[in-house]
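> Sequence:
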Amino acid sequence: MAMADKEEEAYLLSTGRHLAESYAASRDAVHEAAPTIASGEDLQRCLESLRWDVPEQGLGSQEELLKLLVDVGKGLTRHSPRYFGFVTGGVLPSAALADWFVSQYDCNVQVHLPNESIATTLENCTVQMLLGLLGLSSQTFTGTFTTGATGSNILGLACAREAQLKLLNAGQGDEEWSLAEMGFGAEECRRVKVFVAKPHASINKAAALTGIGRRNVVDVGRKWKGQGEQAAEDEEQEAQRRVAGLDFDLDRLEKELEEAQSLRFGRIVVVGMGEVNTGALSSQLPAISKLCKRFKAWLHVDAAFSAFVALLPRYGWISEHMSLADSITSDGHKALNVPYDCGIFFVRKDESQSDSRAKQLSVLDMVCGPGKGPGPSYLASSAVARAGVDGQDQETKKRQELADTLPSPLFRNLENSRRFRALPVYAVLLDQGMQGMRAMVQRNVDFRRKIEEYLRRPGSPYQVLTPRCRASEDTAEPWTNDWNTTVVLFRAHPKLCPVGAYKEPNGGHLALTDAIKRARKAYVSPTVFEGIGGVRIAVSHWATALDDDGRDFRITTEVLDEVMKVK
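So the numbering used here is basically just the index in the sequence shown, starting at one, shifted up by 2.
Simulated from the structure, these hints should not be mistaken for lab results.
Given the structure is predicted, the values throughout are model-derived calculations rather than measurements.
Beta carbons: idealized from backbone N, C-alpha and C, even for Gly.
Honestly, I wouldn't trust all of these hints.
What the hints assert, rightly or not - With a straight-line Cα cutoff of 20 Å, these simulated DMTMM-like cross-link-like pairs (lysine to aspartate or glutamate) come out:
#, residue 1, residue 2
1, LYS295, ASP253
2, LYS505, GLU532
3, LYS76, GLU10
4, LYS207, ASP352
5, LYS225, GLU240
6, LYS292, ASP343
7, LYS505, ASP563
8, LYS452, ASP549
9, LYS295, ASP352
10, LYS452, GLU532
11, LYS225, ASP251
12, LYS225, ASP249
13, LYS295, GLU240
14, LYS298, GLU261
15, LYS497, GLU564
16, LYS523, ASP44
17, LYS295, ASP343
18, LYS200, GLU118
19, LYS452, ASP484
20, LYS207, ASP343
21, LYS225, ASP253
22, LYS523, GLU43
23, LYS523, ASP484
24, LYS452, ASP563
Said to hold, decoys possible - FRET-style restraints, in silico, Cβ to Cβ:
#, residue 1, residue 2, range
25, GLY438, ASP7, 26 to 34 Å
26, THR79, TYR13, 30 to 38 Å
27, GLN64, ARG458, 33 to 41 Å
Can you build the whole structure from these sequences, using the hints too?
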């Protein structure tokens, strides 16, 4: 090893150890005391101190810049263990350390240069590790990293659009037809319909950006009529009736697919595994998959919220259901607790190919690649000789052969320039292992259950909006057998809440949400569930736990108690 290499290694090791030790030392203090949102005073100071133009002379002092960054930090939200807004994880220490290395090396993971860098091979290795973690076959699926679930859903609909329109035109004798190649001006181009039930907003955005059009996104979810129906006998029965609206109306979906087929429209079905508002899981994938095969529709699964719940034994069926999909979306900055931003996209490989390189390809490479034209000449791989090949064992040679046949990441992503997002994920998977990942997900599920029990206690001033999960042999029935995992919705109880402002039908849930957030000890978000305003708690942080002193649970419930005291 050259002297320069030794010096760099010593620097990286010593600095990395220092960062890791500092992170660990500050963890307890941050865990207990760090506010979830900035105070009004801190926000005002930050606004007053912001510079809106570039100074002629720089600060000239690293210490001064550090102080400035700390001051800016006081005006930001903190994703602490009690940050329950949206579905937001934290950053595991191993992920934070790996992310520092990402910045040190500043790799742009776009060109596959296996003789010069292991970055793209490591990214592919990490994709395969994730597939294994989720119980999906790396022989069937390939994938990439994106900025988040929105980017992944855009890729999903782009792949589905390409495959569906190619299928329609192949039936007309043009096996080589491609929308990615021909464009929407082509005479053969047809409309595409996307069938959904309570989709994430990013599906509409993806439809707009891929040219499918938001008007062609058709909600075929089961309808809850609400008003006009006979009143339910009790609150739980009412909740069960509302939650039925989260599922697909399979009869209607069948009719819509049949009509789209007769009109020669492209057909895409998007199923959420973890509905955005409630976290509800879908048990309908096998039934929907049968319909998709019958009508030759593309099946996309948006599992941004709940893919990794499949790690828990009682949710192992999620892996089996996701394996039916043509493409899958998930997120790393949620359950994996790696830094923003990190999305994951899986898509089926092209099973018709025979040679080793083509077997790694999918419709994704057609959509994002150069098509029939050459790639950028300045990004071509060079023939740098690889050192030490003769001494490789068989397993190493096998892996090197795989590395040599991997497609370029440049041709399977939205961005040509990408941060090395795979490295923090790789570090987390090695640091935690299967057992650690499983335990982290279990902690989040257990914490949500404990909070729900607290909200449901006798005499509680709160009313839980999502129904209790109940046992049932019929897994197609909504909200049975723990279909909810890490999300709970609630509101002020219409009768038992002592604070009138929280019970207002128009805006009471907003007043309650603001009161909880103002304490700056727990963060929640407002929502509306089937016409009823509520408060939403989503648990996703790696450190949120029911530990020995019950710190997170104690602090959260203290805040919930405090806001109910009549001033």
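> Now look at each hint and say whether the structure bears it out.
Hints, verified against the model:
About 16 Å separates the Cα atoms of LYS295 and ASP253, which keeps this hinted pair within 20 Å; it holds. As the CA atoms of LYS505 and GLU532 are separated by approximately 17 Å, the hinted pair is consistent with the 20 Å bound. Between LYS76 and GLU10 the alpha-carbon distance is near 34 Å, which puts this suggested pair outside the 20 Å criterion. Proximity of LYS207 to ASP352 is assessed by CA-CA distance (about 27 Å); at most 20 Å being required, the pair is judged violated.
A hinted pair counts as satisfied when its Cα atoms are at most 20 Å apart, and LYS225 with GLU240 qualifies at roughly 14 Å. As the CA atoms of LYS292 and ASP343 are separated by approximately 35 Å, the hinted pair breaks the 20 Å bound. Distance check on the hinted pair: LYS505 and ASP563 sit about 16 Å apart at the alpha-carbon level, within 20 Å; holds. Taking the CA atoms of LYS452 and ASP549, the gap is about 12 Å. The hint holds against a cut of 20 Å.
Between LYS295 and ASP352 the alpha-carbon distance is near 17 Å, which keeps this suggested pair within the 20 Å criterion. For the proposed pair LYS452 and GLU532, the alpha carbon gap of about 24 Å is over 20 Å, so the pair is violated. Annotation: proposed proximity of LYS225 to ASP251 holds, straight-line Cα distance about 8 Å (limit 20 Å). Proposed proximity of LYS225 and ASP249 is supported: the alpha carbons are some 9 Å apart, at most 20 Å.
Note on LYS295 and GLU240: the hinted pairing is violated, with a Cα-Cα distance of about 35 Å set against a maximum of 20 Å. The straight-line distance between the Cα atoms of LYS298 and GLU261 is roughly 13 Å, inside the 20 Å bound, and the hint therefore holds. The suggested pairing of LYS497 with GLU564 holds, with an alpha-carbon distance near 18 Å, which does not exceed 20 Å. Distance restraint check for LYS523 and ASP44: the Cα-Cα separation of roughly 16 Å lies within the 20 Å cut-off, and the hinted pair is therefore satisfied.
For the hint pairing LYS295 with ASP343, the CA-to-CA distance comes to about 34 Å; that exceeds 20 Å, so the pair is violated. Annotation: proposed proximity of LYS200 to GLU118 is violated, straight-line Cα distance about 46 Å (limit 20 Å). For the suggested pair LYS452 and ASP484, the alpha carbons sit about 14 Å apart, so the restraint of at most 20 Å is met. Of the pairs offered as hints, the one joining LYS207 and ASP343 holds, with about 18 Å between alpha carbons and a cut-off of 20 Å not exceeded.
Proximity of LYS225 to ASP253 is assessed by CA-CA distance (about 12 Å); at most 20 Å being required, the pair is judged to hold. A threshold of 20 Å between alpha carbons decides the hint, and for LYS523 with GLU43 the separation of about 17 Å falls inside it, so the pair holds. Under the criterion of a C-alpha separation no larger than 20 Å, the hint pairing LYS523 with ASP484 is inconsistent with the structure, at around 29 Å. Restraint check for LYS452 and ASP563: the C-alpha separation of about 15 Å stays at or below 20 Å, so the hint holds.
Separated by about 32 Å at the C-beta atoms, GLY438 and ASP7 satisfy the suggested range of 26 to 34 Å. Checked against the hint of 30 to 38 Å, the pair THR79 and TYR13 passes, with Cβ atoms roughly 33 Å apart. For GLN64 paired with ARG458, a C-beta distance near 53 Å fails the hint of 33 to 41 Å.
Hint check: violations occur at hints 3, 4, 6, 10, 13, 17, 18, 23 and 27; the rest are consistent with the structure.
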